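Line by line, the protein sequences are chains A and W.
With my numbering, the residue at position 131 of the first sequence is 131, and numbering never jumps.
With my numbering, the residue at position 154 of the second sequence is 154, and numbering never jumps.
No wet-lab data here; the hints were simulated from the structure.
Careful, some of the hints might be misleading.
What the hints assert, rightly or not - Just a sample of chain W residues kept apart from chain A, beta carbon distances all over 10 Å, derived:
no.: 1; residue: Ala22
no.: 2; residue: Ile30
no.: 3; residue: Ala55
no.: 4; residue: Lys74
no.: 5; residue: Leu117
Stated by the list, open to error - 20 Å max Cα-Cα, derived EDC-like pairs, lysine to aspartate or glutamate:
no.: 6; chain 1: W; residue 1: Lys151; chain 2: A; residue 2: Asp127
no.: 7; chain 1: W; residue 1: Lys199; chain 2: W; residue 2: Glu71
no.: 8; chain 1: W; residue 1: Lys42; chain 2: W; residue 2: Glu56
no.: 9; chain 1: A; residue 1: Lys137; chain 2: W; residue 2: Glu71
no.: 10; chain 1: A; residue 1: Lys143; chain 2: W; residue 2: Glu109
no.: 11; chain 1: A; residue 1: Lys137; chain 2: W; residue 2: Glu116
no.: 12; chain 1: W; residue 1: Lys145; chain 2: A; residue 2: Asp93
no.: 13; chain 1: A; residue 1: Lys60; chain 2: A; residue 2: Asp22
no.: 14; chain 1: W; residue 1: Lys145; chain 2: A; residue 2: Glu156
no.: 15; chain 1: W; residue 1: Lys151; chain 2: A; residue 2: Glu173
no.: 16; chain 1: A; residue 1: Lys143; chain 2: W; residue 2: Glu116
no.: 17; chain 1: W; residue 1: Lys108; chain 2: W; residue 2: Glu33
no.: 18; chain 1: W; residue 1: Lys10; chain 2: W; residue 2: Asp84
no.: 19; chain 1: W; residue 1: Lys151; chain 2: W; residue 2: Glu128
no.: 20; chain 1: W; residue 1: Lys74; chain 2: W; residue 2: Asp84
no.: 21; chain 1: A; residue 1: Lys23; chain 2: A; residue 2: Glu112
no.: 22; chain 1: W; residue 1: Lys50; chain 2: W; residue 2: Glu63
no.: 23; chain 1: W; residue 1: Lys145; chain 2: W; residue 2: Asp132
no.: 24; chain 1: W; residue 1: Lys151; chain 2: A; residue 2: Glu164
no.: 25; chain 1: A; residue 1: Lys109; chain 2: W; residue 2: Asp168
no.: 26; chain 1: W; residue 1: Lys74; chain 2: W; residue 2: Glu116
no.: 27; chain 1: A; residue 1: Lys143; chain 2: W; residue 2: Glu79
no.: 28; chain 1: W; residue 1: Lys199; chain 2: A; residue 2: Glu133
no.: 29; chain 1: W; residue 1: Lys145; chain 2: A; residue 2: Asp110
no.: 30; chain 1: A; residue 1: Lys143; chain 2: W; residue 2: Glu105
The structure displayed is predicted, hence computed values, not measured ones.
Each residue gets a CB set at the ideal place from its N, CA and C atoms; glycine is no exception.
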Amino acid sequence: MELSEFVQEGLQYLADSGYFNDKAFAVMIEVAFRSLLLSSSDDTVLDNNELKHIEQTVVKHCHSAVTTCILECVKQNADRSTICTCLEDIRFDPERIDTFCSLYQKHKKDLENVLSSIGRGLPHINDASWRLEYQIKNSHLHKVNQPSYLITLSTENSGSRSAEEVNFSCNMEQLQVRALRLSWKEASPATNVLHDNKITFIYFF
Amino acid sequence: MLLVLSDEHKEHLGFLPEVDSAVVGEFGRIAVEFLRKGSNPKIYEGAARKLNVTAEIVQHGVEGLMYLLSESSKLMISEVDFQDSVLVLGFSEELNKLLLQLYLENRKEIRLILSELAPSMPHYHNLEWRLDAQLASRALRQQVKPVLNLKLQLDDNGTRRTHLLQTDPATLLHLIQELERALAEVKTNHCRRILRNIK
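Given only the sequences and the hints, what does the whole structure look like? Please build it.
Written out as structure tokens, the structure is:
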């Protein structure tokens, strides 16, 4: 796992008991994880009482180094031994490595969810609304007498966070959700297979 | 419901009894063709020469027929009503029968053509789907995330638009349930009553 010089320097401060005693270290790691998982938190790293005695630029540098390191570990799906090796190179104590690793294990799944939601993709459908109407007549044709549906698909684009709608009309035959039901039939067992075989997939690639 | 023909219209159609029923049949065919594809003034010239009348008279005759057919089809008037409406023109029995036949044979197609003029929303054309598994992204490696890609094709006044969309299996299930609820609604007593009674 490669970490930039800036990150390594920041972590080196953290490894140093002269800058961060054990309590401050634990607090710093906790705050780092919390700032990644909560979208807004009331206390910032600079306001934290336990860290007030440390020079603020060092605190900022360490915070950004730790958060980068955490994200890199999650991104690469790093296992314990990889993290230990990496932190040992930066001269972390075994206790400090332990503290880091146990918090990492605890929050890994949630962080994976956060990261997997970032990224480009097609507009993602999250809801469908419908309206059933009966067409009686229009200016060109009388006695139309046909039921029809107006469907609105709400989509969301993770890139721009904008919500768009796709509107279209269709008749009953077209709404016979054959296409969708077929894809669900295919998707449902396949999804189960995917979940069960997650480990196999990973090792296969 | 009777068709009310204006005096001008009656005057234009007044040309028809003066020619053979074969010619009227031909005019009828031309009228339907013009309704299908738009009018072609050259045809009027040719016909006018053959019949020894002005092109304008031929044009009025054909246009009168077009209007008669399109109005009758729009209102979907019954056989009896059509015959009664045409009676007022004072044509022969044979001519009336010819006009009625022209109406009945072409009414479905003319209604189809008229329905294309109506204001319409983008209309469903086709839906294709593909199930993928997302394995990695820039932000996270080693994923196994099922993704359903959809290609929705819509027709909007002749132009085809393609929407590429995606969803996940959980949302797909929700969409299916919602749309099935929509389908079930048309079978309820309330809707059945309306569909039965508004004709």
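Right, here's what the structure says about each hint:
1. Ala22: Non-interface label stands for alanine 22 (chain W): nearest chain A Cβ at 32 Å, farther than 10 Å.
2. Ile30: For isoleucine 30 (chain W), whose nearest Cβ neighbour in chain A is about 22 Å away, the distance exceeds 10 Å, so it holds.
3. Ala55: 29 Å, holds
4. Lys74: Nearest chain A Cβ is 6 Å from lysine 74 (chain W), so the label is violated.
5. Leu117: 4 Å, violated
6. W:Lys151 - A:Asp127: Distance of about 16 Å is within 20 Å: holds.
7. W:Lys199 - W:Glu71: Measuring from Cα to Cα gives roughly 18 Å; hence the hint holds.
8. W:Lys42 - W:Glu56: Holds, because 12 Å separates the two Cα atoms, which is no more than 20 Å.
9. A:Lys137 - W:Glu71: 14 Å, holds
10. A:Lys143 - W:Glu109: 15 Å, holds
11. A:Lys137 - W:Glu116: 13 Å, holds
12. W:Lys145 - A:Asp93: 37 Å, violated
13. A:Lys60 - A:Asp22: 18 Å, holds
14. W:Lys145 - A:Glu156: The hint holds at about 18 Å.
15. W:Lys151 - A:Glu173: 19 Å, holds
16. A:Lys143 - W:Glu116: With a Cα-Cα distance of about 15 Å, the restraint between lysine 143 (chain A) and glutamate 116 (chain W) holds, given a limit of 20 Å.
17. W:Lys108 - W:Glu33: Distance ~14 Å between lysine 108 (chain W) and glutamate 33 (chain W) Cα, so the pair holds.
18. W:Lys10 - W:Asp84: 14 Å, holds
19. W:Lys151 - W:Glu128: 5 Å, holds
20. W:Lys74 - W:Asp84: 17 Å, holds
21. A:Lys23 - A:Glu112: 27 Å, violated
22. W:Lys50 - W:Glu63: OK: lysine 50 (chain W) and glutamate 63 (chain W) at ~18 Å, within 20 Å.
23. W:Lys145 - W:Asp132: With Cα atoms ~8 Å apart, lysine 145 (chain W) and aspartate 132 (chain W) stay inside 20 Å; holds.
24. W:Lys151 - A:Glu164: Holds, at roughly 16 Å.
25. A:Lys109 - W:Asp168: 19 Å, holds
26. W:Lys74 - W:Glu116: Roughly 12 Å between the alpha carbons, so the hint for lysine 74 (chain W) and glutamate 116 (chain W) holds.
27. A:Lys143 - W:Glu79: 16 Å, holds
28. W:Lys199 - A:Glu133: 15 Å, holds
29. W:Lys145 - A:Asp110: Holds: lysine 145 (chain W) and aspartate 110 (chain A) sit about 15 Å apart, inside 20 Å.
30. A:Lys143 - W:Glu105: 18 Å, holds
Comparing the model with each earlier hint shows violations of hints 4, 5, 12 and 21; every other hint is respected.
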